[in-house]
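Trainee: Taken in sequence, the protein lines are chains A and B.
Residue numbering for the first sequence follows our numbering, beginning at 1 and increasing consecutively.
Residue numbering for the second sequence follows our numbering, beginning at 1 and increasing consecutively.
This list has only true hints and no planted wrong ones.
Pair by pair, the computed Cβ-Cβ distance ranges are:
#: 1; chain 1: A; residue 1: Asp19; chain 2: B; residue 2: Val529; range: 52 to 62 angstroms
#: 2; chain 1: A; residue 1: Asp19; chain 2: B; residue 2: Glu62; range: 17 to 27 angstroms
#: 3; chain 1: B; residue 1: Leu648; chain 2: A; residue 2: Met59; range: 51 to 61 angstroms
#: 4; chain 1: A; residue 1: Asp19; chain 2: B; residue 2: Ile303; range: 21 to 31 angstroms
#: 5; chain 1: A; residue 1: Asp106; chain 2: B; residue 2: Met371; range: 34 to 44 angstroms
None of these hints come from the bench; they were simulated from the model.
We put the CB at the ideal spot given by N, CA and C, even for glycine.
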Amino acid sequence: MAKIMIVDDAAFMRMVIKDILKKNGHDVVAECVDGLDAVQKYPEVKPELVFMDIVMPNMEGIDALKKIMDMDPAAKVVMCSSIGQQSVVTDALKSGAQDFIVKPFDAAKVMEVIGKVM
Amino acid sequence: MDMSEYKDIFKAESEEHLQQLNESLLGLEQNPGEMEFINTMFRSAHTLKGMSATMGFGTIAELTHEMENLMDIIRKCQVTVNDSLIDVLFECLDTLEALVESIDNDEEVNISHLQATLEQAMNSTLCATENIAEAACDLEASGEKDMSSREGMTAQGIDLSADENASIENATHEGCNISSLKVTLDGSCVLKSARSALVLINISKIGQIIKCMPCETDLEDEKFDREFTVIYSTKESDEKIAEIIGRIAEVKEIAITPLNTCAPEAEGHVAKEYPACSSSEKSTSAIRRSDTVKSIQSVRVNIERLDNLMNLVGELIINKIRLNQLASDLNAKQLDESLANLDRLTNEIQTEVMEARMVPIDQVFSRFPRMVRDLAKSEGKQINLIIEGKEIELDRTVLDEIGDPLVHLLRNAVDHGIEPAEERIRLGKPEAGFVGLSASRQRNSVLIEVEDDGKGMDPAHLKDVAVKKGILSREDVDKLSDSEALNLIFYPGFSGAQVITDVSGRGVGMDAVKTKIEALGGSVKVSSVPGEGSSIKLQLPLTVAIIQSLMVTVAGETYAIPLANVVRDVGIRTEDIKSIEGKEVIMLRGEVLPLLRLHNVLDSPHEIEEKDNLIVVVVERMGTNIGFVVDQLLGQQEVIIKTLDNKLLKNTKGFAGATILGDGSVALILDIATLI
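Full structure from sequences and hints, please.
Mentor: What follows is the structure in structure tokens.
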């Protein structure tokens, strides 16, 4: 069981991924509505894993990722991307993201990624 | 995965994004060069795409994907959007709205036509931009480069450039193993380019990549099937490489073939295959993260829940009143303190629940800019819609009801109020008409005002129309003051416009607006200066669940009259009652007040004894006053409305609902608008 923080501006996406995580015994310790929120909550919550959306208002996922990696080089961040965002995902991976998942989320894939990353 | 349970939240959130898209598009229409609108639209379209793909709504995903692409092109190339593009985008939004609306009934909405239009718009946008032409050139050039770089590869062996050979030699001298890693990705892998990038990033942490096949550019462009090969030098063992790659998701297989012979464990050109291993069990002693869990700030609650809660609070209050009454009947002093506490607590709960039901009025206001824009465009008028007080909060139920009346008022303002541009210029007014929509909080109510600087309403003209339509006689209208004449617009069947357009003439008249607002316990006031404009003010209660009422008894029964309708109460003498055309009236402060015996109106079976002195409650209806004769005034009281919405009583006219009194008896709440 891992303590996971979800960052996505869409409540719907947060709910979907949260349900997947909860059904598989993980603990969602925080939900953030944008990158800024994530950067603020990360040090408070200290999650073991972050699911980070990419396109968000206020602060994009890639910037939030960089800020979190600066704060905690051991942070484990998985990017949540859509099809058509190869280059951003690649940039995120170069900036320290551990892995990525692609919408629409497949529960098995999400669990595979968690298994590999943790 | 069963997604049906997410339908509600998907819908609610999609609607929010559609609203955002609409607002941004309106903003963009005003400032075509403003990139922030484009960025916002890009984000919303993108989010919608991800959400709908998750739900399996392919058509929505497809359309939003194309919109997202278009936005991306616009912002990357700094294109200034033109009118036709805006129109296409509005069409997209309407279609999306329809698509989101239809997710419940599995209707197929054909978007192929729209896609074609969208593509055409996209192409014309592209043509208009030189930047893009260059970008396209770049793209082609890089494509050619890719092709040339691929020529270096042969079917069997590996062609290495001089540089690459030099790197291998260096690495060998340093005691590194040179191997060829063949990585095969999972069949289900979607973002192959990013997946391959992750492999490259991870292995370059423990070694050096000498060559990639296909080359990195091709990997990034997904110009490969499931496999790619890396010529790689490292001091680490093959097992370590396999472990590193194995920790990456979606990797199906890794084949490691040693290339240099100097490595001690080399076994010729035999590839060792490692299935992608699952992650090694992590020791539980790993960093204990802090246990502080931050709670979530808000939750979405179904409005039905809040209705139920409100109902329960109502019941609680009724029981509290009964308890109070019992305690005073029994003279039980010991109960006083706890009853006072109960009093305070129920009041607090009531306030909290009422607050929870409050939503910003923006939820209704936000759709008007688009509506007014479309309306103004279709009539060739220019209109500045100024909205104020969007943050004011109202009860959800009230909010749901005021949408239609406001649509009507705004349509009237645009359609009948604002003059055509050329006429405005002739009159010395600014070319663009002003329409204001504002909300402000009064003590116990919210005031909404719709105003315009158009032609206003002429009392004399309104009187003429009323006579022509047979609503009032010439004699009657001549008695009306100018402000009373304005109230003529609220009579059923009255329409101020000579020509009924398809815009305003939709059968919802001002009378419907007034009836609706009054049914909510509110009031409507109109004022106008000919040539300068009109203003309609709606006074609305903060909530409809609890209303202030005047409690009266008629023939032994208790009734509640909403205080919003009550003008005053007076005592009269029976001998002062006069009769006009067989109807009872009384002269009150110089005015003729029609009298109605409430027990007759209600068809009460009890006989009433004639008294010398009568109590009259004066109520206001459609701008005129009527006196209700009642037996007794009980006083003013807050009552909790229980609606008569079951099948048997649904069509009962004259009653807004019922309420339970402190002694447990039921009192009907009169609805003045439908009673007479």
